[in-house]
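S.K.: Residue numbers (my numbering), protein chains in the order written: chain A, 20 to 265; chain B, 82 to 283.
Hint data in this document are derived by calculation from the structure and do not stem from the laboratory. Since the model is a prediction, treat every value here as computed from it, not as a measurement. There may be inaccurate statements among the hints.
[Said to hold, decoys possible] For the chain B half of the interface with chain A, some residues (derived, Cβ under 10 Å), not all of them:
| no. | residue |
| --- | --- |
| 1 | S107 |
| 2 | L119 |
| 3 | W125 |
| 4 | A133 |
| 5 | E134 |
| 6 | E232 |
| 7 | V233 |
| 8 | E234 |
| 9 | S237 |
| 10 | Y238 |
[What the hints assert, rightly or not] Computed list of chain B residues with no C-beta within reach of chain A, every gap over 12 Å:
| no. | residue |
| --- | --- |
| 11 | S150 |
| 12 | A179 |
| 13 | A211 |
| 14 | Q215 |
| 15 | L245 |
| 16 | E269 |
| 17 | N272 |
Heads up, the beta-carbon is just placed ideally off N, CA and C, and yes, glycines get one too.
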Amino acid sequence: MTCDPWTEKLDAYLDGELAEADARALVEHLRACPACTAEMLNRVQLKRAVHSAGRRFTPDPAFRARIEKNVSTHRPASVRRLWVAALAGCMFLIAAFLIVALQSSQQRAASPLLSELADLHVATLASANPVDVVSTDRHTVKPWFEGKIPFTFDLPELLDSPFTLVGGKVSYLHQSPGAELIFRIRQHQISVFIVQERGLGKMRAEGAANSFNVRSWTKNGLRYFVIGDVAAPDLDKLSDLLKSAG
Amino acid sequence: MYRRNKIRLRWFTLVCVSAERLPSESFEQLAMPLFERLYNFACWLTGDRAEAEDLVQETYAKALKGFSSFQPGTNFRAWIYRILRNAFLNSRTGLKAAATVPIDADGEEKVLPSVEQTPESILLQRSDSALVQQALEQLPLPHREILLLCEVEEMSYQEIATALAIPIGTVMSRLSRARQALRAAMLERKNTPKGSTMKAQL
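The shape of chain A in the complex, shown without the other chains (with noise of 0.2 Å):
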């Protein structure tokens, strides 16, 4: 038989949870009685033989590889997919910002040009002298500007046109000399600028600017602007005129 207040501790022993003063008193029992020695031997073997049966089911590796894709793939992705949506998010803000400021650039680098052009116009119309040269014929004004302007140009021949040569005068676009020629066309005046194209670099001046029309084209280097308040045909009309000169 065992000795009852020390076998009711020999689990406790063998599961570890022995607290340490009581250990070492049982292990000195222990040393001194041959039952509780025994018993223990008994129960050590009943825990590992548990320990070993126990370890009884082997999970299908499929089902571990079901598990770990469902746990992995839950957190980490998901950061991932938080990178990646935030970094789209930011490379779509980019694109918008730079959509937006290039565009406003562009605005920006051609509406002064159209302004400048508009102003130069309505100085010329409000002037007492419009023009420095008066003539209706174009053989006595492309030689006025000789010596004036660092570039010559080509008149087309009005006769059979509605167009009227009413002279011309230097005048400054974008800090570059170039020449106004005013045309008309019933009571409407036009002006044309030619002004040499690398004075002005890539900005666009086409359109409308304040409620005028303006056509703007380059031609052997030169850059043609023509802008008045008659209508778009009329416009193009005298564009066309232009463009076949020579």
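Given chain A's structure and the hints, the job is docking chain B onto it.
M.R.: Same frame as chain A, now just chain B:
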């Protein structure tokens, strides 16, 4: 515009940093090493492999969902075993098992029947796991689970108390009774050898 860009950049950094701020150990790092053991335990509880897989899957899903409520530094193993056990008790098999078990009643079979053979001597003779396994199978759920947690999982009494949601004193008394019940079951098995009742046999 530069200012606005700067604010956006700061916001972006904030998002990234908060995404990086994670618990010291991820759920995966804590939970996956326990996978085999949880599965084994689930098989012992349910007695069926398919059911055990469902149970383990449910456990991982619930633990992952509730991981934010897990306090780092406390015992993760006991926590996840508790989730598994609760999930099992709410399953049909678990409800049935819980309904048919005697709860820690005191004063029954304190002393083993006195026979010349002890369970341990049988073990020495046969040295096979089948006897222990069959005896474990026929134990009522509270005895089976506490033996598994103590002997197989080698949990401390405190961990077992957490996993089973019982006081530590109950752990000790129930463990003692479970061991007695196991010995009795082994002797009984020895006298009337039968095949395993578990559906989950390999």
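S.K.: Each hint: holds or not?
M.R.: Structure-based check of all given hints:
| no. | hint | verdict |
| --- | --- | --- |
| 1 | S107 | 6 Å, holds |
| 2 | L119 | 9 Å, holds |
| 3 | W125 | 7 Å, holds |
| 4 | A133 | 7 Å, holds |
| 5 | E134 | 6 Å, holds |
| 6 | E232 | 4 Å, holds |
| 7 | V233 | 3 Å, holds |
| 8 | E234 | 8 Å, holds |
| 9 | S237 | 7 Å, holds |
| 10 | Y238 | 5 Å, holds |
| 11 | S150 | 15 Å, holds |
| 12 | A179 | 21 Å, holds |
| 13 | A211 | 8 Å, violated |
| 14 | Q215 | 9 Å, violated |
| 15 | L245 | 15 Å, holds |
| 16 | E269 | 15 Å, holds |
| 17 | N272 | 18 Å, holds |
In this structure, the hints that do not hold are numbers 13 and 14, in rising order.
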